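> So you can see what is in the structure, the chains are spelled out below.
2 protein chains.
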Amino acid sequence: MSVDRRAVLAGGAAVAGLALAGPAGLTSASAAAPMATTQAPGFYRYKVGDFQITAIHDGFAGRPLEGFIRNAKLEDVQKAMGAAGLSTERLPLTFTSLVINTGAKLIVIDTGNGNSGAPTSGRWMENFKAAGFSPDQIDTILISHFHGDHINGLRLKDGAAQFPNVEIKVPEPEWAFWMDDARMNAASDALKGGFQGARRVFKDMPNVSRFQWGKEVAPGITAIQTDGHTPGHTSFMISSGGAQFIALGDVTNMPSLFVRHPGWHAVFDMNGEIAERSRRKMLDMAASEKAQVAFYHAPFPATGHIVRDGSGYDFAPALWSSAA
Amino acid sequence: MSVDRRAVLAGGAAVAGLALAGPAGLTSASAAAPMATTQAPGFYRYKVGDFQITAIHDGFAGRPLEGFIRNAKLEDVQKAMGAAGLSTERLPLTFTSLVINTGAKLIVIDTGNGNSGAPTSGRWMENFKAAGFSPDQIDTILISHFHGDHINGLRLKDGAAQFPNVEIKVPEPEWAFWMDDARMNAASDALKGGFQGARRVFKDMPNVSRFQWGKEVAPGITAIQTDGHTPGHTSFMISSGGAQFIALGDVTNMPSLFVRHPGWHAVFDMNGEIAERSRRKMLDMAASEKAQVAFYHAPFPATGHIVRDGSGYDFAPALWSSAA
Chain A
1 MSVDRRAVLA
11 GGAAVAGLAL
21 AGPAGLTSAS
31 AAAPMATTQA
41 PGFYRYKVGD
51 FQITAIHDGF
61 AGRPLEGFIR
71 NAKLEDVQKA
81 MGAAGLSTER
91 LPLTFTSLVI
101 NTGAKLIVID
111 TGNGNSGAPT
121 SGRWMENFKA
131 AGFSPDQIDT
141 ILISHFHGDH
151 INGLRLKDGA
161 AQFPNVEIKV
171 PEPEWAFWMD
181 DARMNAASDA
191 LKGGFQGARR
201 VFKDMPNVSR
211 FQWGKEVAPG
221 ITAIQTDGHT
231 PGHTSFMISS
241 GGAQFIALGD
251 VTNMPSLFVR
261 HPGWHAVFDM
271 NGEIAERSRR
281 KMLDMAASEK
291 AQVAFYHAPF
301 PATGHIVRDG
311 SGYDFAPALW
321 SSAA
Chain B
1 MSVDRRAVLA
11 GGAAVAGLAL
21 AGPAGLTSAS
31 AAAPMATTQA
41 PGFYRYKVGD
51 FQITAIHDGF
61 AGRPLEGFIR
71 NAKLEDVQKA
81 MGAAGLSTER
91 LPLTFTSLVI
101 NTGAKLIVID
111 TGNGNSGAPT
121 SGRWMENFKA
131 AGFSPDQIDT
141 ILISHFHGDH
151 INGLRLKDGA
161 AQFPNVEIKV
171 PEPEWAFWMD
181 DARMNAASDA
191 LKGGFQGARR
201 VFKDMPNVSR
211 FQWGKEVAPG
221 ITAIQTDGHT
231 PGHTSFMISS
241 GGAQFIALGD
251 VTNMPSLFVR
261 HPGWHAVFDM
271 NGEIAERSRR
281 KMLDMAASEK
291 AQVAFYHAPF
301 PATGHIVRDG
311 SGYDFAPALW
321 SSAA
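Protein chains in written order, with our numbering: chain A, 1 to 324; chain B, 1 to 324.
You may find that some hints are simply not true.
All copies of an identical chain are treated as equivalent in the list; a pair is satisfied when it fits inside any one copy or across any two copies.
Dumping the calculated DSBU-like pairs for lysine-lysine here, alpha-carbon to alpha-carbon at most 30 Å [said to hold, decoys possible]:
id: 1; residue 1: K281; residue 2: K157
id: 2; residue 1: K73; residue 2: K157
id: 3; residue 1: K215; residue 2: K47
id: 4; residue 1: K79; residue 2: K47
id: 5; residue 1: K203; residue 2: K73
id: 6; residue 1: K73; residue 2: K290
id: 7; residue 1: K47; residue 2: K203
id: 8; residue 1: K79; residue 2: K290
id: 9; residue 1: K79; residue 2: K281
id: 10; residue 1: K47; residue 2: K192
id: 11; residue 1: K129; residue 2: K47
id: 12; residue 1: K192; residue 2: K157
id: 13; residue 1: K290; residue 2: K203
id: 14; residue 1: K105; residue 2: K79
id: 15; residue 1: K47; residue 2: K105
id: 16; residue 1: K215; residue 2: K79
id: 17; residue 1: K281; residue 2: K129
id: 18; residue 1: K203; residue 2: K79
id: 19; residue 1: K47; residue 2: K290
Keep in mind that the hints were calculated from the coordinates and are not lab data. Just so you know, these numbers come straight off a predicted model, no measurement behind them.
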């Protein structure tokens, strides 16, 4: 049954004829209100056990849908976007980093685009400060992988290091790959930018150390191997007061595409097969353990749960709450 | 296949033995950062054609899941909540009102709990001001129906009218029902509060007029009959620049329950059968026309699209964007 819109709009005819009471002499607002140009600051807080997590939004970069997924037809991708109520032409890639307050330590995971990304990105520091934080409160910055939208916030374009006094911890396998001169020299032109970008950020940065997968990298935070997106891509398992949380990084890009279709390979995945294996492993774990998750590229505030849906999965965004 | 969490955490063993570089002498943050107690202000802007809509959050009231749905077993309701990644015990009823800037007029739809609701509600005025608005900018307030969480913001507990100079427009059938003394006198004790509440708010309020279904009640805004939740419950169809938007009010309460299960009757629906008919009519129309919608009780920012899912529907939240 399809409802005719004119019939719906005309539904009131049944009550036509009733007398209407009306006020007289009201001087309503005298001038048109200006259109606003800003949103509320891009931060959002939630609890995981005794920890308080603050999602910090870095903005977005728009891109065409075409060419985004390597192993799916455009029409299938458009269908998936339509099924999620989204545009079938363009897609906003959003960037949301995490600040974790353990009560004793303030830990940051990934730092956004700095001033090297799209003009609609680079809001990390502004939103971090709007959330009441200052950089000198940070104890540790954890990095999931070396793509520019995750590390360029560490160093501005003019060369200024943004966190010279903060301990910065990066995945050893990621460091080993991108800092390998032989690999860089043999790389395609397209890939060379990634090697150069990692060097630009980390060169002569003395406050960087490397961690291994499977190790605790901060109190209650363990690094998990989720490679494929990059050779050293890392997720972080966070445990507090019996609650489990997984900062999944780029295990999926936009969940309405890749949680629904874990077999799809985003153009940014360096090794699609390995990335898919990591993705399936983590989706299964998150669903089985009912762990809350965050994706770097999920719609802000970029947190929720992985639920099973038939033989597949869906991403159920957490309910926004005004309680911090 | 279920993934063993210990195996995942131990995945890094493969790279054990690599040398780790570590910085020395860093003096990380010296003091624990305090846990924050506030969220960003509860407003969110989006465009519908040439109109700018601002969702204004009034907060929430928690309630047990038990007794919430009249015609479903608790275990089925819990299953639906679990499928949406939500608590199977309690549910937050959230309140989100709308401000519509047409460029010429500033229109408000519903006004929240005022200071008559749960302590976690009543944030409307604070968030309205945080969004940069002032009450004297409002041209018209439209009311969807007379439940307290929609009208108590019009008058505080001490009797103070909050918008004495603003044109307030209410549905004629809603007025006719709740202002009928004979109906009030015959009402059950449970229902009597609704009659008294409507009188408390609207008594001696000269700036109120009544509108009929099917009529344009503000520029580009048409009142639509969606009764059942209350006898005069009204939705608003908003048209601008070729874009369609429907402020659905309480056509559903929490969408993850009632969009997925349009046949479920919330305890607040005065006539469950009629409410269901209105719900099915509007879900079909929103899905067919791909109109953006807002529900008063959807998770903030409470807007998105109705998409078809098999023989039913799903609510696809709009993507949060930092672009106002």
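> Decide, hint by hint, whether the structure agrees.
Tested hints:
1. K281 to K157: neither (37 Å within a copy, 55 Å between copies)
2. K73 to K157: neither (37 Å within a copy, 59 Å between copies)
3. K215 to K47: For K215 and K47, the Cα distance is within 30 Å only inside one copy (23 Å; across copies 46 Å).
4. K79 to K47: between (35 Å within a copy, 24 Å between copies)
5. K203 to K73: neither (41 Å within a copy, 62 Å between copies)
6. K73 to K290: This pair counts as between: shortest inter-copy Cα distance 23 Å, intra-copy 32 Å.
7. K47 to K203: Close neither inside one copy (36 Å) nor across copies (44 Å); limit 30 Å.
8. K79 to K290: both (28 Å within a copy, 14 Å between copies)
9. K79 to K281: both (26 Å within a copy, 24 Å between copies)
10. K47 to K192: Answer is neither: 40 Å inside a copy and 40 Å across each miss the 30 Å cutoff.
11. K129 to K47: Result: close both inside a copy and across copies, 19 Å intra and 27 Å inter.
12. K192 to K157: within (18 Å within a copy, 66 Å between copies)
13. K290 to K203: The answer is neither: 40 Å in one copy and 50 Å across copies each exceed 30 Å.
14. K105 to K79: neither (44 Å within a copy, 37 Å between copies)
15. K47 to K105: Classified as within; 15 Å inside a copy, 40 Å across copies.
16. K215 to K79: neither (41 Å within a copy, 36 Å between copies)
17. K281 to K129: neither (35 Å within a copy, 46 Å between copies)
18. K203 to K79: So K203 and K79 fail the 30 Å test inside a copy (44 Å) and across (52 Å) alike.
19. K47 to K290: within (15 Å within a copy, 35 Å between copies)
In the structure shown, a violation is registered for the earlier hints numbered 1, 2, 5, 7, 10, 13, 14, 16, 17 and 18, in ascending order.
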